[in-house]
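S.K.: The chain contents come next:
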Amino acid sequence: MPLTIQSGRDRKKSPLSYLDRRLALVMPLCAALLLLAATAAHAADDGNPLAGNAKAAKAGEYEFRINCALCHGLGAHGGGRGPDLTRAQKKHVHSDEDMFQVISNGIPGTVMPANGTNGQGVGMTDEEIWQIVTYIRSVEVKAPAKPTGSAAHGRELFYGDANCSLCHMVEGKGGRVGPELTAVGGSRTREAIIDSVRNPSRRLAWGLTEATKEFPQEYETITVVTADGKEIKGVALNEDNFSVQMMDASENIYLLEKDKLRSFQKSRESLMPRYSPAILSEKNLDDIVAYLTSVGAR
Amino acid sequence: MRARRIFANFLVACIAYPFLTAHARAQVTFERLLNSGKEPQNWLTYSGDYSGRRFSPLDQINITSAPTLVAKWVYQTGATGKLETTPLAVDGILYGTAQDDRAFALDARTGRPIWMYQHQLPGDIRPCCGRVNRGLAILGDKVFLGTLDAHVVALDTKTGNVVWDVVAADYQKGYSFTVAPLAVKDLVVIGVSGGEYGVRGFIDAYDSATGKLQWRLYTVPGPGEPGHETWEGDSWKIGGAPAWNTGTYDAVTNQIFWPTGNPSPSNRGAGRAGDNLFSNTLLALNADTGKMNWYFQFTKHDEHDWDATQVPVMIDSGGKHLIAQANRNGFFYVIDRTNGKLISANAYGKTTWSDTKDAEGRPVAKKEASPTLEGHTVCPGALGTTNFMAPTYDPQTALFYVTARDQCDIFSTAPQPYEAGHAYYGSAYFPSEEAEPYRGFLKAIDPATGEIKWKFEHTSPTWSGVLSTAGGLVFTGDAEGNFIALDAATGKTLWHFQMGGAVYAAPMAFAVDGKEYAAIAAGSAVYAFGLP
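Protein sequence lines, in the order shown, are assigned to chains A and B. If you're matching positions, the first sequence starts at 1 in my numbering and goes up one per residue. If you're matching positions, the second sequence starts at 1001 in my numbering and goes up one per residue.
Incorrect hints may appear among the rest.
As the list claims (entries may be wrong) - When the alpha-carbon atoms are kept at most 30 Å apart in a straight line, the in silico DSBU-like pairs for lysine-lysine are as follows:
1) A/LYS233 x B/LYS1300
2) A/LYS258 x B/LYS1072
3) B/LYS1300 x B/LYS1237
4) B/LYS1492 x A/LYS260
5) B/LYS1453 x A/LYS260
6) B/LYS1350 x B/LYS1300
7) B/LYS1072 x A/LYS260
8) A/LYS55 x B/LYS1173
9) B/LYS1492 x A/LYS58
10) A/LYS58 x B/LYS1237
11) B/LYS1300 x A/LYS260
12) B/LYS1350 x A/LYS266
If you're looking for bench data, these hints aren't it; they were derived computationally from the structure.
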C-alpha cells in the first residue's frame, strides 16, 4: 500500500525519522552547512526582512543553539563536526537568500539536513530561519580570512615528507587506512583539521555510518590475537557485539568472529601518530591545511 | 443403535469442539487479560501481562536449547525509521504496528500478513522523536491504535476494518500518540505525547465498544486542583507532563499505574518555578474513574528532559507489593504500590546531578545541575540512563533487567517563546566529549538491594528492550542489529543472530502449535525465532 503522507509546505518527510531527538540533532547537523571558500565574497542582505535587526539576531542565537549548535558550535564557531559559520566566506552561500535556502533545504550530498526533516515535527518557521540568518550575519568576522599557507607546498608535503598519503587518500590518490580527505577542507574548520593532526586521538574520525544505527563507526584501534597466535593491529572498519571487520597498516582486511579470537582489544588511541610541532612545523601544517582547503573548496 | 448415536454425537462434538473453542477464544475478554498467565502461548498486552514484567512463562527455549535457535520467518513492514512495536500474540495471530501508524495482523506460524491498516495521516503532524508507534491493545474483537494525529482507532481483529475512530486532541498543537494503549475492564486507556510542544498532558479512558471518552485525567492540574500551586503563573497551561508509555494494572486494588514525562519546556525551568506536578510522576489511578489515589514524583522541577515514562513494573516480594522503575534520571526506584511510599532509590548508571536525598529518600538535584547559558556537563544526558526501552522482571531469578547507557551532555539554556504547535525545548544539549565514548549495557539489578548483579556491555548503546523467560533466558537486541539470548542468571551470551537493522523495539515470546517463538522488530521488519 502506498504511503499517504503528504509533504507539508516546505516540510518534507523525514529521511532520518528513525533517529531520536538527540540523534536528530547529532547526525544531520554535523556537516557542511555553509562552507568556507577562498574566493566567495559576501553579497548584499537581499531578501532578509530582518537584516540588521538586533532583536531578531538575539532570537536567532537561541534558535541557533537549539537547531544548529550541535554541529556548528555554540557561537557558530564550528563544532568540530560542522564548519565555522563566523567566517565571511562560505562555500554554499553568498546572499542571505542563499543562506535561507540552505537552512530550508539542506545541502544534498552532505548530512546538512533540510529544515523539519529530523523527525521532530514541522521544523522552524520562515521567521525563525530569518532570525538565524540574521544571527549568523551578526557574528561573522567581516575581515577577509587571513592568508593561509601555500597549497602547492602543502600538496608536496602531503604526498611527500609529511607521509600523510601513506594512510590518507585525496582525489583517488593515497592510502586506505585513514579517512579519505578530499572533502575535509570544505567541511571542517581549520582549527578542527589542525587539532586532528596534532591530537589525532582527542576526537576520533567517523567512519562507516549505517542507516538505522545511532552512532557511526569511529577510527578506533583494534588489536587481536587469533586462535593460531597471530597478532593483528589495525583500524576498525566496523564492529558489533560478536564480530569485527578491520584493516591493518598494510591495508589487509580481516573479518573476524570475536569468540574465535584468543584476545580482542579496542583502544581510542589512534593509529595515526601525533604530529607535534617538532615533527611538522606550524608553517608546514598551514601549507597542508591550505592544500586540503583548496581541494575541499572545489 | 443408541450406542451408535452416542458415538456419532461424540464424534460431532470432537470435531466441533475445537472450532467452538477457537471461536470462543477469538474474543479476548477482560478475564483473559487478567489471567494471562493461564495462556502462556499468548502475549496479550504491550508488556505481556498487566504487571509489566515482560516475562514469558514459556520454557521450551531455554539455556540448553537456546544455542540452537534459528530464524523462522521475517515480516517486512515496508516502513522506514525506528520500528518500536511489540506485537501482541493471540491464538496464533500476531498484531503489530509500524511507523506512520500502520497496523497489521500476521499468521504467527509463517509471518504472512492477514490484513494491514494504514491510518491516513495529515502532512503536518508533530512527532517529537520519529514517526513511531509502540503497539496495540486488544479487547473483545478489536485492537486499539493511538495515532500521530492524536486519534484513537479501534480495528476489527479479523479484518483490520475501522470500527471507530475518535479524535482525542488537536495534533496541530503538538498532541500525538505513540504509546501502546492498555485495555482494562471495558476501557481503552491511553496517554498522550507532546512534551516537546508545550501540551497539557493527559491520560484518557475510552469505552472499548463505542470510543466514547469515559474519563480524562490531566497530568497538569488546573486552577483549584491539588498540585496546581506547583506551577508558576499560567505555565500549567503548557506544562507538558505527557504520558507516552504504557502503564500497568493491579486488579486487587483496581488501580492503574501510569508514569508521566517532562514538564515543558523540557530543559528550561525559568518561568515554571515549583515542583511542576504531576510531571515525571508515577500516578496511581482508580481504573473506573481516573481519580488519583496517590502519586510519586521522581524528578521535581525537571530541567533535563528526564521523562519518568519507563514501565512501572509490579513486583511481589517478601509479602510486599511493590513497583520497580529504572528511571531515565539514572536511579532505580522501588515504591510500595499500596501507598506510593518510596522504599529505595539507587543509581544504576553514571549520574552526577544528585548527591543528596530528601527525607523520603528521593534523590535531590544539585543546584549546579541546572542548565546555564554557557552550558555545562551533567550525567546522564538528555536521553537518560534508560528511555522508552522496556525492562523485564524475572520472578525466577528475582532480578530486574534494563538497557542502560552512560552518556553525559552539555546542557545550555536557550530561551524560546511558546508558540502553539511549535517545538518548545527552551534549551539545547550537546554530547559532552568528557563522556566519550558512550557506553551501553544490559544490567541485571537486584530490586531488594539495588545492587547490579551482572552487566553485559554492548559495542554501542542500544534502544532495545528486554524479555525474560521461564527458560532461564533474557533476550535483547543491539544497535548493530543482533538479537541476543543470555543466561538470566549470569549474563553469559548463549546465542545471537544478525538481523541487519538496529533494534528500537522490545522482544516478546509466544507459542503456536506447541512451539515456542521469540520475536523482535529490527530495521523495518519483525523477526521470529524458534528451535530447529
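S.K.: Please go over all the hints and tell whether each is borne out by the structure.
M.R.: Quick rundown of the hints versus the structure:
| no. | hint | in the structure |
| --- | --- | --- |
| 1 | A/LYS233 x B/LYS1300 | violated, 49 Å |
| 2 | A/LYS258 x B/LYS1072 | holds, 25 Å |
| 3 | B/LYS1300 x B/LYS1237 | holds, 18 Å |
| 4 | B/LYS1492 x A/LYS260 | holds, 16 Å |
| 5 | B/LYS1453 x A/LYS260 | holds, 27 Å |
| 6 | B/LYS1350 x B/LYS1300 | holds, 19 Å |
| 7 | B/LYS1072 x A/LYS260 | holds, 26 Å |
| 8 | A/LYS55 x B/LYS1173 | holds, 26 Å |
| 9 | B/LYS1492 x A/LYS58 | violated, 54 Å |
| 10 | A/LYS58 x B/LYS1237 | holds, 26 Å |
| 11 | B/LYS1300 x A/LYS260 | violated, 49 Å |
| 12 | B/LYS1350 x A/LYS266 | holds, 22 Å |
Hints 1, 9 and 11, counting from the list given before, are not met by this structure.
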